[in-house]
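J.: Chains as they are written, first to last, in our numbering: chain A, 1 to 312; chain B, 1 to 312; chain C, 1 to 312; chain D, 1 to 312; chain E, 1 to 312; chain F, 1 to 312.
Quick caveat, the hints were computed from the structure, so don't treat them as lab data. Please note: incorrect hints may appear among the correct ones.
In this list, chains with the same sequence are indistinguishable; a pair is considered to hold if it fits within one copy or across any two.
Said to hold, decoys possible - Mimicking DSS-like on lysine-lysine, the simulated pairs with C-alpha atoms at most 25 Å apart in a straight line are:
#, residue 1, residue 2
1, K4, K102
2, K102, K154
3, K219, K168
4, K267, K299
5, K4, K127
There are 6 protein chains.
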Amino acid sequence: MPQKIIFATQRYQYLKDRILSISVPSWENGVIEIRDFPDGEHYHRIRSNVSNKEVVLIGGTIDDKETLELFDIAHGCIQNGALALSIVIPFFGYSTMERAVKYGEIVKAKTRALLFSSLPGTASGNKVIMIDLHVDGITYYFESGIRPVHLYGKTFVKEAALELAKGKPFVLASTDAGRAKWVESLANDLHVPAAFVFKRRLSGEETAITAISADVQDKQVIIYDDMIRTGGSLLHAAAAYLQAGASEIAVITTHGIFAGNGFNKIKDSGLITKIICTDTHPAALTIQDDMLVVKSVDKLILDYFDTLQYPK
Amino acid sequence: MPQKIIFATQRYQYLKDRILSISVPSWENGVIEIRDFPDGEHYHRIRSNVSNKEVVLIGGTIDDKETLELFDIAHGCIQNGALALSIVIPFFGYSTMERAVKYGEIVKAKTRALLFSSLPGTASGNKVIMIDLHVDGITYYFESGIRPVHLYGKTFVKEAALELAKGKPFVLASTDAGRAKWVESLANDLHVPAAFVFKRRLSGEETAITAISADVQDKQVIIYDDMIRTGGSLLHAAAAYLQAGASEIAVITTHGIFAGNGFNKIKDSGLITKIICTDTHPAALTIQDDMLVVKSVDKLILDYFDTLQYPK
Amino acid sequence: MPQKIIFATQRYQYLKDRILSISVPSWENGVIEIRDFPDGEHYHRIRSNVSNKEVVLIGGTIDDKETLELFDIAHGCIQNGALALSIVIPFFGYSTMERAVKYGEIVKAKTRALLFSSLPGTASGNKVIMIDLHVDGITYYFESGIRPVHLYGKTFVKEAALELAKGKPFVLASTDAGRAKWVESLANDLHVPAAFVFKRRLSGEETAITAISADVQDKQVIIYDDMIRTGGSLLHAAAAYLQAGASEIAVITTHGIFAGNGFNKIKDSGLITKIICTDTHPAALTIQDDMLVVKSVDKLILDYFDTLQYPK
Amino acid sequence: MPQKIIFATQRYQYLKDRILSISVPSWENGVIEIRDFPDGEHYHRIRSNVSNKEVVLIGGTIDDKETLELFDIAHGCIQNGALALSIVIPFFGYSTMERAVKYGEIVKAKTRALLFSSLPGTASGNKVIMIDLHVDGITYYFESGIRPVHLYGKTFVKEAALELAKGKPFVLASTDAGRAKWVESLANDLHVPAAFVFKRRLSGEETAITAISADVQDKQVIIYDDMIRTGGSLLHAAAAYLQAGASEIAVITTHGIFAGNGFNKIKDSGLITKIICTDTHPAALTIQDDMLVVKSVDKLILDYFDTLQYPK
Amino acid sequence: MPQKIIFATQRYQYLKDRILSISVPSWENGVIEIRDFPDGEHYHRIRSNVSNKEVVLIGGTIDDKETLELFDIAHGCIQNGALALSIVIPFFGYSTMERAVKYGEIVKAKTRALLFSSLPGTASGNKVIMIDLHVDGITYYFESGIRPVHLYGKTFVKEAALELAKGKPFVLASTDAGRAKWVESLANDLHVPAAFVFKRRLSGEETAITAISADVQDKQVIIYDDMIRTGGSLLHAAAAYLQAGASEIAVITTHGIFAGNGFNKIKDSGLITKIICTDTHPAALTIQDDMLVVKSVDKLILDYFDTLQYPK
Amino acid sequence: MPQKIIFATQRYQYLKDRILSISVPSWENGVIEIRDFPDGEHYHRIRSNVSNKEVVLIGGTIDDKETLELFDIAHGCIQNGALALSIVIPFFGYSTMERAVKYGEIVKAKTRALLFSSLPGTASGNKVIMIDLHVDGITYYFESGIRPVHLYGKTFVKEAALELAKGKPFVLASTDAGRAKWVESLANDLHVPAAFVFKRRLSGEETAITAISADVQDKQVIIYDDMIRTGGSLLHAAAAYLQAGASEIAVITTHGIFAGNGFNKIKDSGLITKIICTDTHPAALTIQDDMLVVKSVDKLILDYFDTLQYPK
């Protein structure tokens, strides 16, 4: 059994630390030296010996700098003799640009998959491990030289739902028609009803959202969405469910990004009582507010390396 | 402008003939000699000169024989000097096995994409052109050496809906939560309401389907689904909408497969008044029944080569 | 030494069972779940853990369904983490279409080699292991990412020849000029004379076959051919040797396919007294007749994994 | 002769505009729609028809955002049917990290080359065109599927030197031993003497630079370097040449980056009288100062497409 | 129709000159500058403009120097923008090492195929064109990025046979069992009988060759073999046919190599009256002797580019 | 820890023997059977079992025969199941043709890198290990499927310099401007001054070399160059340093090729007192003269496999 060694990009050090605090002493803490230059370039040097070790590298494609840093460190580990390379991408940025709807649109989910597919192989192969992708199919966007893995945070969602429900009945609801299937599946796992919305296009950019489930009346509604970016869709859906009679709205999301002052907009709306998200995106950790609970995916990642890759 | 020449696998000759009858005289009719042997092998020989021509090759991955025939003819065209190769796959079989839900499941949509991606390139490149895929992302399952194109049959669906509605108001409905997004989009294009279903798992394999839209009462419901395989989901959804008060159910589907005596089961159920499908699968053409109207995708394909690949 | 696990396609289960019965308990029995659907699609799920194991997968390219099943299972094993993959193809179908003689002929031996070459690599690499190929060169038709291996059934042929000769002198004979070299080599190994035939083209499709060896007079002739497909060439050669004075004709072949009622045609001809073949093709096992003896290649395959891959 | 169409990343629009102003009306102005989102993602859509056109795409790898934008737009042009793709990278950022000196250093020049090499091919092939690379060999760092081109700005340097010299004799000088070869070659072209420096390491990080040419006494020294990043090496060399008796120091550089307030540091030093650079990096254009003259590489790029790619 | 330009390696200039003398003025004469250095290195520079031209490059893999020169010039043409590249290899050296018979043998025919397969592609693709290969399958040893073509010198053999026969009946004969198939086919084309030999292994290296055709008595025997290397097999076969009563032996061969003083050994044996070969190997041209007639393959090559690549 | 086995091409057996004499008994001596044929072909057979072993293969690209032998043996080791392959190329021939200066020049350093990059991968990957490359960047000319390693002979140079200096002060000098950087670095390591030359082009091919360092007067000058090919540049530089007042010239070089009677020319010039080189090129070993000391790189290579590939 070869030694595992873990690295992370600059903004994902927190997740590396959490995993090391659980996995210690079996995993080695990988050291990288990084310097950023005034001209926009960066210097990276791997200071740990990676030769013949299984490298686990954590980083999200959350912006251009992190994306290229992840690519560069991965390449460095390969060139210096890593036996195996598992790139853990807790939040796969660009996953909402997953297909071209109009001529000429550039499908970032594909170009990012292509990027990581271009890495030379390690002896035991390269893997990309992603969590709660916006679209399942992205798993198969990678070229055949790399093995993609999709981890589902179902356990997190179920535990969060039970925590929010506090024993009372609730309805699991989606923010748009695209997530209907997933919410249906989760609702069935939780043995609760599901609620969807229908987004009617009024004219041009203007839309009206209607909750099209009859049974939210006087019930707590727990909305699940894979990610909250600016919170716009979430607030529209929440308003629709309240209008349909819901007594209270709580929210579960895997990826809490809250871009562009998103969290405050949600809080200020007064529509939502509580949000539970994970730490797949570093932004979630920067918010200190009672309304938000952040749970770590550390164990989900660690479990994958221990047991999840084997059949059940 | 190089000469276009069109070939088809054995079971898709009808579509080649239709396209030639429209495109004549500009496209050349490609001739292949095919012999099937008692030991399960096949002999293929391209009899037309393909050198420096743009080859359009039509065939669906509807079963193993057609799949390999498509692969073999494609390879033959490449080896004999085709300038460009466009493989038109009107129905991309295996598109419902588009992701692994359980450990060890083999994702056929990926392995089929890999198959066609392994073809050597032509001078002007290889394309795969598909119609109304079950899942959009399949477009991006192909390796980067081949250019995938996804044609949408929106015009067909709209025209079929108007034909079925005969001027009366109707609701556009889906057969399951997974298609909710697409039906929402089509309903908005048609300026009609949308209806969804919620499939509640009762125990193990048993499920109950509920229409969760309030406004089908006394209205015609037109169900759209990308494909009808055996018709099972369709009949469950139809029953749910009728139970919710719909006055009548008509159906539009792109791919009419009707496997395992599927058409008769639908007809015998008495739940549905009319079905409109396309000829993307040869099975649809074998059914002669007033209840079924089959429209050809010939023009959709031809339009792609004429104008659809350019921006609007 | 990693654990070996063996899988087979549906029609090659018998060979997997034979190998397991010999190799037990060291090799693990790989379990796959397969379902065939009425629309021509298939569902495959690998139920055994293949992660970090050496997978041996058996299946012949005997028809389109088996070919794609072999490809799909191979892909599944790779995606689920197999350490190494050895695809054993006891009978490489299409091996007689091994080169284009006329413009436009599609070389199936090449397209099938390309198919298996497109599989992503495993950590310890992919191999294809074939037995008594119709043409040696096919070994080198595969792309460089896969390692092909050619096993020769020389021991089988020699033992079969001695069994048929029952201690009496005999001549080893070929069915056509293309196998002359191989028969020459086997005859030298057995220290017996060799006999060839010359096929003279009379007109168009008509040919006359002449034995062009003087020494078959009153001797037993044992014909060796790599495969019997429909038996046509075999019967023509047998008649030529009898006409040249042979006292009796027996036959050895590696691949007994007997397509299109081939076995009965041979038996009914009365020209041949005995046939010995192997079980590389499942068809041979379906024939129950005293005239046919089927020997298994199980040990040949197992020997390869034990010792044959090392130098002597 | 196919139509040429030109695109640029956001920060290189100025160079596209210059080239269009010269090449008009023969080249088409490519239109891209770009939106930057608060979460760090970007939306790109190609609005011009690129199908069967020769695409020229301009952008430097000057920071992470521009690098990925260049990669994404290139991919979009390929996917939408560009006949040929020439990526012009006027300043190849990271070119100073062109080899690993210590264990574990990540060679950015290689990983950037790998990035662009992973783009799928166009019918007529992909090219990368670079100008005055820091190290010649970088041309060959690209994988074999892409054709790299290195343009030399020799004409620019010669004209700038004559402009600075104003007819008086001068010495061409280098800033470090690594550029000695290049300066030697340019000096010979200009028929002037060359001067080098020797950098002696005193202790740890401390170094002393000595001009080791006897003939700068009372002469104008024109220093040439491929790039000025922060200006540190330049100022040390200038001081050394002045100490050796030079009457005046002027500077020519291809890439004027002037990072981290570099230009002001140079100006404030008072060591240098004049700098001439090109517009390969957008930073040079932001400086408005009599001491700096910026010449465009527009004609050098255009000449390549007209004549430079052919033999002389 | 793009301009064709032809190059050759140093030892194949004669064949380039012959082709140019026929094809003039339509093909351009490609100029290369070559210098050989005392340390074993070589300098090559393409002096003609190859950009957007169809390059035809002639050279045989007759020794290590020519092989690498062919590879290097091919690469140079690609890098300098050739539109298409056809590498004509009149004699594919190493074609007799076309498979491993014993463990550890290195299959040169495969490694040479791999070598040329590693060349980057041109816009219209790379081809390798070979003549009368020792083994047909070698055509398919190339990786899928290159298109191999096999030209048959059947017309040459037929004309040579008629020239040698001078109107008298003759038998077409082979030198070993491996060529039996080919000789059978040629004999049928010429409407003459065929004769084979059987090589009996006596002990270890010692073999005895017997003609096993009854009908050579008092007839002229024309032996055909694809190549004469040292002439050993040829002389053994000739002796066997003479012993079987042949009145006279003449020889046709495509590739006349005559290595190690081979021609004189044949001549001195007195067994053979005349040899006709082609100029696929430069060695044949160095022999000036009435016994040898050398015919050029210039027209065969030119015909390929004119018409042979199209179907008949 | 897998078994290491070492092979060498014919002309590098001496280096294999030296390494085995140090590494014994842990490394296995690999046996190859090689036969050269009169027609220019070669037969290679690997006689040792390489399956699942780490193969170290030594050979320089010193001429065409050695280059292809290295390629062929490497391929044979891969095909026969080597676990890992490290190709040690002590002298990378063609390294001076490392970039195209004029249109049409073929960059041999790139085509040779491409050659070795085309080898199929082994389970643990392929490496190329080179020593004191003429240009650092060559390390990155290889395609991404192979891992290049550059070993520096700094220790050898330092020890040789101390041995030559015999405790007296000396100046480290370069033979041309291109090596200035390297000599500067070595001089700093040795705490001695550095001297450079400036090569002034007089007219056409004629050049005059001037030492441009003031401090060689009455001092011993030790010239370092990476290779001595014919010795021309070396002698010009030596003359320049003597003219500048140097008391004595000694020389250190990594690669002693001495092509075209180079050693005698140097000796006869009388300019140089002593040369120390390594045994990276077999030519150095053929010279028996007191003026030349040859040190082996055996330990440098062995150290790499023991410790150099790990971080310090």
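J.: Evaluate each hint against the coordinates.
T.: The hints, checked one at a time:
For the homomeric pair K4 and K102, the shortest alpha-carbon distance between copies (23 Å) is at most 25 Å, but the shortest distance inside one copy (44 Å) is not. Taking identical chains as interchangeable, the C-alpha atoms of K102 and K154 lie at most 25 Å apart only when they sit on different chains, with a minimum of 14 Å there against 33 Å within one chain. In the homo-oligomer, the alpha carbons of K219 and K168 lie at most 25 Å apart inside one protomer (9 Å), although the nearest pairing across protomers, at 37 Å, exceeds that limit. For a Cα distance limit of 25 Å, the shortest separation of K267 from K299 qualifies neither inside one copy, at 29 Å, nor across copies, at 52 Å.
Proximity of K4 to K127 under the C-alpha cut-off of 25 Å is found in both arrangements, the shortest distances being 14 Å within a copy and 23 Å between copies.
When the structure is compared with the earlier hints, a violation turns up for hint 4 alone.
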